[in-house]
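Protein chains in written order, with numbering that gives the first Met the number 0: chain A, 0 to 414; chain B, 0 to 414.
Check before you lean on any hint, since a few could be wrong.
[What the hints assert, rightly or not] Derived list of chain A stretches under chain B, where covered just means 3 residues or more per stretch with a C-beta under 8 Å from a C-beta of chain B:
no., region
1, 45-55
2, 193-200
[To be verified] Distance condition first, Cα-Cα at most 16 Å in a straight line; then the derived EDC-like pairs of lysine to aspartate or glutamate:
no., chain 1, residue 1, chain 2, residue 2
3, B, 94, A, 204
4, A, 32, B, 194
5, A, 95, B, 205
Simulated from the structure, these hints should not be mistaken for lab results. The structure displayed is predicted, hence computed values, not measured ones. Glycine residues also receive a C-beta, built at the ideal position from the N, C-alpha and C atoms.
Number of protein chains: 2
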Amino acid sequence: MLSYHTCPLATLGGKDTGGMNVYVRDLTRELGKRGIGVDVFTRSQDEHVPHVLHDLGYGNRIVHIEAGPETPLSKDTLAEYIPDFIHGIQDFADKKELRYDLIHSHYWLSGLVAIELRKKWQVPLVQMFHTLAVMKNRVAREEDEVASELRLEAEGRLVRESDRIIAATQAELAQLQWLYRADTNRIRVVPPGVDTTRFYPIPKDEALEFIGSPARYCMLLYVGRIEALKGIDTLFEAMALLKQEGFLDIHPICLAIIGGDPDVSREEMSTEMDRLHELQESLGIGDVITFLGRRDQDTLQYYYSAAEIVVVPSHYESFGMVALEAMACGTPVIASETGGLAFLVKDGETGFHVPAVDPEALAERLKELMQDEELRARLGEQAAIYAKEFSWSNIIDQILELYASVMVSLEDELA
Amino acid sequence: MLSYHTCPLATLGGKDTGGMNVYVRDLTRELGKRGIGVDVFTRSQDEHVPHVLHDLGYGNRIVHIEAGPETPLSKDTLAEYIPDFIHGIQDFADKKELRYDLIHSHYWLSGLVAIELRKKWQVPLVQMFHTLAVMKNRVAREEDEVASELRLEAEGRLVRESDRIIAATQAELAQLQWLYRADTNRIRVVPPGVDTTRFYPIPKDEALEFIGSPARYCMLLYVGRIEALKGIDTLFEAMALLKQEGFLDIHPICLAIIGGDPDVSREEMSTEMDRLHELQESLGIGDVITFLGRRDQDTLQYYYSAAEIVVVPSHYESFGMVALEAMACGTPVIASETGGLAFLVKDGETGFHVPAVDPEALAERLKELMQDEELRARLGEQAAIYAKEFSWSNIIDQILELYASVMVSLEDELA
Numbered sequence: 000m001l002s003y004h005t006c007p008l009a010t011l012g013g014k015d016t017g018g019m020n021v022y023v024r025d026l027t028r029e030l031g032k033r034g035i036g037v038d039v040f041t042r043s044q045d046e047h048v049p050h051v052l053h054d055l056g057y058g059n060r061i062v063h064i065e066a067g068p069e070t071p072l073s074k075d076t077l078a079e080y081i082p083d084f085i086h087g088i089q090d091f092a093d094k095k096e097l098r099y100d101l102i103h104s105h106y107w108l109s110g111l112v113a114i115e116l117r118k119k120w121q122v123p124l125v126q127m128f129h130t131l132a133v134m135k136n137r138v139a140r141e142e143d144e145v146a147s148e149l150r151l152e153a154e155g156r157l158v159r160e161s162d163r164i165i166a167a168t169q170a171e172l173a174q175l176q177w178l179y180r181a182d183t184n185r186i187r188v189v190p191p192g193v194d195t196t197r198f199y200p201i202p203k204d205e206a207l208e209f210i211g212s213p214a215r216y217c218m219l220l221y222v223g224r225i226e227a228l229k230g231i232d233t234l235f236e237a238m239a240l241l242k243q244e245g246f247l248d249i250h251p252i253c254l255a256i257i258g259g260d261p262d263v264s265r266e267e268m269s270t271e272m273d274r275l276h277e278l279q280e281s282l283g284i285g286d287v288i289t290f291l292g293r294r295d296q297d298t299l300q301y302y303y304s305a306a307e308i309v310v311v312p313s314h315y316e317s318f319g320m321v322a323l324e325a326m327a328c329g330t331p332v333i334a335s336e337t338g339g340l341a342f343l344v345k346d347g348e349t350g351f352h353v354p355a356v357d358p359e360a361l362a363e364r365l366k367e368l369m370q371d372e373e374l375r376a377r378l379g380e381q382a383a384i385y386a387k388e389f390s391w392s393n394i395i396d397q398i399l400e401l402y403a404s405v406m407v408s409l410e411d412e413l414a
Numbered sequence: 000m001l002s003y004h005t006c007p008l009a010t011l012g013g014k015d016t017g018g019m020n021v022y023v024r025d026l027t028r029e030l031g032k033r034g035i036g037v038d039v040f041t042r043s044q045d046e047h048v049p050h051v052l053h054d055l056g057y058g059n060r061i062v063h064i065e066a067g068p069e070t071p072l073s074k075d076t077l078a079e080y081i082p083d084f085i086h087g088i089q090d091f092a093d094k095k096e097l098r099y100d101l102i103h104s105h106y107w108l109s110g111l112v113a114i115e116l117r118k119k120w121q122v123p124l125v126q127m128f129h130t131l132a133v134m135k136n137r138v139a140r141e142e143d144e145v146a147s148e149l150r151l152e153a154e155g156r157l158v159r160e161s162d163r164i165i166a167a168t169q170a171e172l173a174q175l176q177w178l179y180r181a182d183t184n185r186i187r188v189v190p191p192g193v194d195t196t197r198f199y200p201i202p203k204d205e206a207l208e209f210i211g212s213p214a215r216y217c218m219l220l221y222v223g224r225i226e227a228l229k230g231i232d233t234l235f236e237a238m239a240l241l242k243q244e245g246f247l248d249i250h251p252i253c254l255a256i257i258g259g260d261p262d263v264s265r266e267e268m269s270t271e272m273d274r275l276h277e278l279q280e281s282l283g284i285g286d287v288i289t290f291l292g293r294r295d296q297d298t299l300q301y302y303y304s305a306a307e308i309v310v311v312p313s314h315y316e317s318f319g320m321v322a323l324e325a326m327a328c329g330t331p332v333i334a335s336e337t338g339g340l341a342f343l344v345k346d347g348e349t350g351f352h353v354p355a356v357d358p359e360a361l362a363e364r365l366k367e368l369m370q371d372e373e374l375r376a377r378l379g380e381q382a383a384i385y386a387k388e389f390s391w392s393n394i395i396d397q398i399l400e401l402y403a404s405v406m407v408s409l410e411d412e413l414a
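Please construct the entire structure, taking both the sequences and the accompanying hints into account.
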């Protein structure tokens, strides 16, 4: 398993950590449960952390490979250490006398590593993009959000050279087909799983006590990275509309933001955070918004369960893990009708769709749901039932089938 | 599930935390996996910790009940808050409209709670003692180690009134039969399980890097509470013997002690720790002993795997969880031939037995094993294979069978 630019054990909500980290971690653990041995290779970002960790159990390892300075690096500079990373992996495998049967690679950076290892090891490569540059560029509003040429080229190469591509949704399959001219015979749609043994509806009183909130506090919740693409500004504008028309006087609600670190002053991190702080001030909604900073993934179920509604206002999401986790906790989701979210959230059944970047539409749906406790309860119950389709015990079967099929095809080819 | 005096989520190695905490935690999780709903009731020892926690997943809860001051208390004073604890549990169950099918109680203090709840709820009571007062008194060397009359009486009552008693080993069954005149028809021998998905042999280089030890460091390891009954003094005396005869000059080894908190000055805690510090000084072995303090249960597998030998020099253990965890990590164990340890460790196969409180015998076995790398490897391999018999997937079947049988007998009785 290759996860070059981010460690699956990293705390979430930071600049480069999110659904993909959870995915790699949970997938590895579930493979372990099924008796599949996995080494996850990731670039070492801290020399003080032991380089080999057994945190996921079942004999499976997270291996931190030294490639470039052992500190966090921006994505722009990461590509240059790929050759070192490849050498590091080969050294590890040689020293331990390991032979891998398959490479499962995440994101385009790991894909570049995978293409080289595939050639050297002559084993099949299964690629997942998590986000696609072309789709990201379509919604980019700032120069620095535009994907690099290097990335666009790398994704093109990966589409041609991977033995299989896993698309999270039918939407991603269509994008690969139309925007990347991918051979659909080599694409399989397998959605990410959700750990329903942890993400389940926790009784409201218990969840509220855990997060330290008063029992009658009505919470809207955003969970995710703090970046422009996530559309948090749209959510702020919707809150301002509700405040202006006096709705918040009758229905006192508060918006909690989980993600980012309010104290971090790292340049890239703070740009969007600063913008949001300014925005909440200019909109006059500082009193109804709380920035909670990062939270351990192992405590998120309490926040999702405590929330009345979880909002995912992204301009684009290839999947939308947060929406799935929230639904698993029995909380209705209002999400932009875009990318994976349009497939994942069932409009009127498990929450609502709203057009991206449309504060008015979002405000309307928030009002509708906040006024109607019964509707919230019904959508929430349906959400929890629906989310079980994505439990790992279901998803891992599909992954194993995919692995088996690609190994058989390669054998056929070689025969 | 009742665990009155100690929370299954507490950090190990403290005064009242050990194998029983791990047992209650793991058993609850495994029951969850099998679809059994469990609430674990424990006395609240910290008002700042949320009272209901979902850390074990599967909808199962750890419920901290307020009974007496929300601080740690000595076992002597704990009994007086049992009525408050019982009320707290009933309040919780009433408020949540819960009806339990079975009570599984741990240690005599919880047993006293269980007897009352059994009467009120008319459900079967399964009792585990973990240690038996009569056995403890037999090895007590200090006045304050002697079990109270209250405890002896309580255990007697529990032997008579429990619907089933789980004995960890055949030794415990025999003790219940001969010392407590228990009806053996109501006793089942079910050993504790070990989480073999986490406790498995980690490659030595990886384990040593994790714990931050030089690669060629030969480590003996003790893990457990710091108290007289554990016989750590015997281990120190054995080390002194090895040092005196020059063995440590040829085989440089070091003894690491995990457990207790070197900085804690709480009276009861420090008595034995002080004694050990004085002893290591008077024996002149301070240079070969390191007190590491407590370690998170989730990191112990690295220490077990890094160690050449794990020593369990207890005067008495009803089971000996540390020996099982160490064996699961592929490390041979030298253990006192007493209580559960005499059953658990297979002499000459997975380690060695030595008579309790016999430094000479222990020193001899340490020498034998330290001199013979091949023997260590062979015993370690055998230990890892043997420990798999105690994997939870095996053990939980036996527990479920026991639950089913006691519920059926009660129905028969009522019919």
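Hints and how they fare:
1. 45-55: holds (count 6)
2. 193-200: This one holds; 3 residues, not fewer than the three required, reach chain B with a Cβ under 8 Å.
3. 94/B with 204/A: 11 Å, holds
4. 32/A with 194/B: Holds, because 13 Å separates the two Cα atoms, which is no more than 16 Å.
5. 95/A with 205/B: 11 Å, holds
The structure fails none of the hints (numbered hints given earlier).
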